[in-house]
Amino acid sequence: MNARRRTVVVALAVAVVAVLYLGVAREGPGLAELWQWLGSSFGGDPLATMDEFSFANLRLPRLLVAAFGGAALALAGAVMQATFRNQLASPDLVGTAAGAAFGGALAIVLGWSKRAVIATPLASLAGALAATSLVFVLARAHGRFAVSTLLLAGLALHNLVGALTSFVVTFRFNNYTASSDVLFWLMGGLEARTWDHAAITSIGCMVFAAMVWPRRRELDLLTLHDDTAHSLGVDATSARRWLVWCACGLTATTVSNTGGIAFVGLVVPHLARLLVGPSHRVLLPACAVLGALLLVVSDWVCRLAPPEANLRLGVVTALFGAPYFLFLLVRQRRGESS
Amino acid sequence: MSALAVNNLRVRLGTREVLAGVNCELQKGEFVLLAGRNGAGKSTLLRAMLGALVPDSGSVTLHSRALAAWQPLERAREMAFVPQSVDTPFEFTGRELVTMGRHAHRGRGQLLERADERAITQALLAADAMAFAEQPVTTLSGGEQRRIAVARALATEAPLLLLDEPTNNLDLEHALQLVAMLARFAAAGRGVLVASHDLNLFAQHCTRVVLLHEGRTFADGPPREVLSSANMVTVFGVQSAPPSGFFPREFRL
Chain C
1 MNARRRTVVV ALAVAVVAVL YLGVAREGPG LAELWQWLGS SFGGDPLATM DEFSFANLRL
61 PRLLVAAFGG AALALAGAVM QATFRNQLAS PDLVGTAAGA AFGGALAIVL GWSKRAVIAT
121 PLASLAGALA ATSLVFVLAR AHGRFAVSTL LLAGLALHNL VGALTSFVVT FRFNNYTASS
181 DVLFWLMGGL EARTWDHAAI TSIGCMVFAA MVWPRRRELD LLTLHDDTAH SLGVDATSAR
241 RWLVWCACGL TATTVSNTGG IAFVGLVVPH LARLLVGPSH RVLLPACAVL GALLLVVSDW
301 VCRLAPPEAN LRLGVVTALF GAPYFLFLLV RQRRGESS
Chain A
1 MSALAVNNLR VRLGTREVLA GVNCELQKGE FVLLAGRNGA GKSTLLRAML GALVPDSGSV
61 TLHSRALAAW QPLERAREMA FVPQSVDTPF EFTGRELVTM GRHAHRGRGQ LLERADERAI
121 TQALLAADAM AFAEQPVTTL SGGEQRRIAV ARALATEAPL LLLDEPTNNL DLEHALQLVA
181 MLARFAAAGR GVLVASHDLN LFAQHCTRVV LLHEGRTFAD GPPREVLSSA NMVTVFGVQS
241 APPSGFFPRE FRL
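Quick mapping for you: the protein sequence lines, in order, are chains C and A. Be aware that the first sequence starts at 1, since it is given in the working numbering, and climbs by one per residue. Be aware that the second sequence starts at 1, since it is given in the working numbering, and climbs by one per residue.
Be aware that one or more of the hints could be misleading.
[Stated by the list, open to error] Simulated coverage check for chain A against chain C, where a stretch passes if three residues somewhere in it have a Cβ under 8 Å from a Cβ of chain C: (1) 101 to 112; (2) 171 to 183; (3) 192 to 204.
[What the hints assert, rightly or not] Taking CB as the label site, the calculated pair distances span: (4) A:27 <-> C:235: 45 to 55 Å; (5) A:180 <-> C:14: 51 to 61 Å; (6) C:7 <-> A:220: 29 to 39 Å.
No wet-lab data here; the hints were simulated from the structure. Note that this is a predicted model, so its numbers are computed, not measured. No residue lacks a Cβ here, since even glycine has one placed at the ideal position from N, Cα and C.
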């Protein structure tokens with residue numbers, strides 16, 4: 001499939017998923033009302049106020065949070081897999097997502113999130129940066145980063161920060177509202193997302209993606225051994241640091257608005273690599289689109305599920321991602337033994 | 001004036017002093033073999049000469065300028081490297097890997113120009129890697145991956161070439177081809193420094209041998225002098241004898 005045809009197919013897939021997400025729901029306005037609402041922008045009959053409110057202020061911002069959040073997590077995963085030269089690396093595995101979740105949980109429990117909508121993203125960003133910095137400090141030896149140590153340190157910190165987050169929740173257990181807010185947020189979900197959340201997620205995604213994009217060729221080179229990358233003109237240590245900070249930003253702005261969303265950062269880069277190959281010039285756009293599609297479809301499944309199921313977005317992505325992760329592990333082990 | 005010079009280099013890795021005052025140089029037009037036992041510090045010296053490892057003391061200069069003062073891209077246009085191990089877990093094609101050799105010649109975001117395409121094609125042909133250039137590198141044999149790595153270094157068009165065990169995994173024909181090619185590069189004015197255990201193969205073609213022993217430069221000079229029987233006994237602990245009987249045989253292309 002040539003590049004133009006591929007672009008058309010992707011654009012059509014995005015449009016179809018967006019229309020289905022906006023127009024097919026368990027309750028409220030459906031596809032007919034969606035067409036009427038879209039037509040009203042071009043002089044058609046106006047839609048009932050409640051239905052218009054539902055599209056414009058409930059579903060559309062939620063769609064944007066899901067799309068940009070999915071894109072950001074997938075991009076963060078692609079960046080981390082290249083910089084750590086490991087196809088199993090992701091924001092979940094190196095402590096970044098756990099740090100972001102801890103920062104966000106702290107902001108909710110301490111009531112900062114009620115005062116300003118930007119408080120949770122900032123606290124998440126601080127948590128992600130602190131956790132990732134600590135991992136880098138722990139893994140640094142002789143001025144270089146041993147990738148295996150980096151991943152092990154990340155895994156250890158992921159568990160430590162996870163325990164701290166649990167402590168934050170249980171410490172304020174007498175405040176039932178705050179605790180339940182945090183628990184629901186930690187499980188990942190896009191309920192009650194507003195235009196503020198959409199703005200933060202989309203701007204965060206675009207800003208950090210724009211910081212990564214000029215370094216796409218360095219991402220290719222970082223997949224080589226550090227000495228080789230160095231000989232080809234890349235300062236591997238500083239490039240890796242910059243790119244991982246960008247991945248932190250992508251993860252934190254998303255996690256703060258969506259809660260814990262597992263496996264998107266791990267699985268999507270693999271799927272994208274199968275479709276377009278490992279070169280980051282095409283891999284990054286493919287990750288952004290596939291990540292967006294995956295999270296939008298997952299959230300759509302949550303919305304269509306019966307309310308008594310209380311299906312959370314993080315649960316849906318984990319149900320999809322965990323078996324794929326195990327499949328990758330098995331395939332990698334078979335590759336090593338053959 | 002040396003193109004690349006190492007003065008009294010000391011490198012400690014953990015508690016072990018790997019290089020304990022090494023002096024070495026490479027000039028354009030030279031084909032130098034870096035020899036020594038396992039753990040003598042050959043790879044560490046190559047890494048220090050590349051600037052990939054910061055020494056504890058001593059200096060590395062490239063065209064009389066401290067290596068650390070060079071911008072990474074500027075340095076990459078002067079010096080290319082072929083690593084000991086094949087080095088990516090991702091499924092890049094051979095051509096994509098060789099294209100990475102042009103990184104230092106391209107601006108950020110700049111597409112491949114005609115000069116880049118020409119350099120890539122010539123490098124693939126010179127390394128005899130064109131036949132499998134479009135295949136994912138993870139599906140290639142060790143020798144084919146090695147030839148892709150050599151082609152990537154050639155694509156840089158750098159005047160200095162540093163290679164770490166470049167004949168590992170190569171069959172006899174391609175090992176001979178590689179050595180002949182490196183000798184041609186040196187004759188054409190490039191500087192070539194090879195770390196290798198394959199003394200028989202490289203000693204026939206190189207112009208100089210640097211013998212490392214216990215972290216120091218033990219001998220430095222023409223192959224016949226440096227690889228003397230006495231030095232073989234001291235450094236490698238083996239007796240050397242002139243060819244006799246069926247082995248060793250001299251192979252030619």
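Structure-based check of each hint:
1. For the stretch 101 to 112 of chain A, the stated coverage by chain C holds: 6 residues have a C-beta nearer than 8 Å to a C-beta of that chain, and at least 3 were required.
2. Under a criterion of three residues with beta carbons nearer than 8 Å to beta carbons of chain C, the stated coverage of the stretch 171 to 183 of chain A fails, only 0 such residues being counted.
3. Under the rule that three or more residues need a Cβ within less than 8 Å of chain C, the assignment of the stretch 192 to 204 of chain A is violated, with 0 such residues.
4. Between residue 27 of chain A and residue 235 of chain C the CB atoms are about 28 Å apart, so this pair departs from the stated range of 45 to 55 Å.
5. In this structure, residue 180 of chain A and residue 14 of chain C meet the distance hint of 51 to 61 Å, their C-beta atoms being roughly 55 Å apart.
6. At roughly 59 Å, the beta-carbon separation of residue 7 of chain C and residue 220 of chain A lies outside the given 29 to 39 Å, and the hint is violated.
Of the numbered hints stated above, those contradicted by the structure are hints 2, 3, 4 and 6, listed in ascending order.
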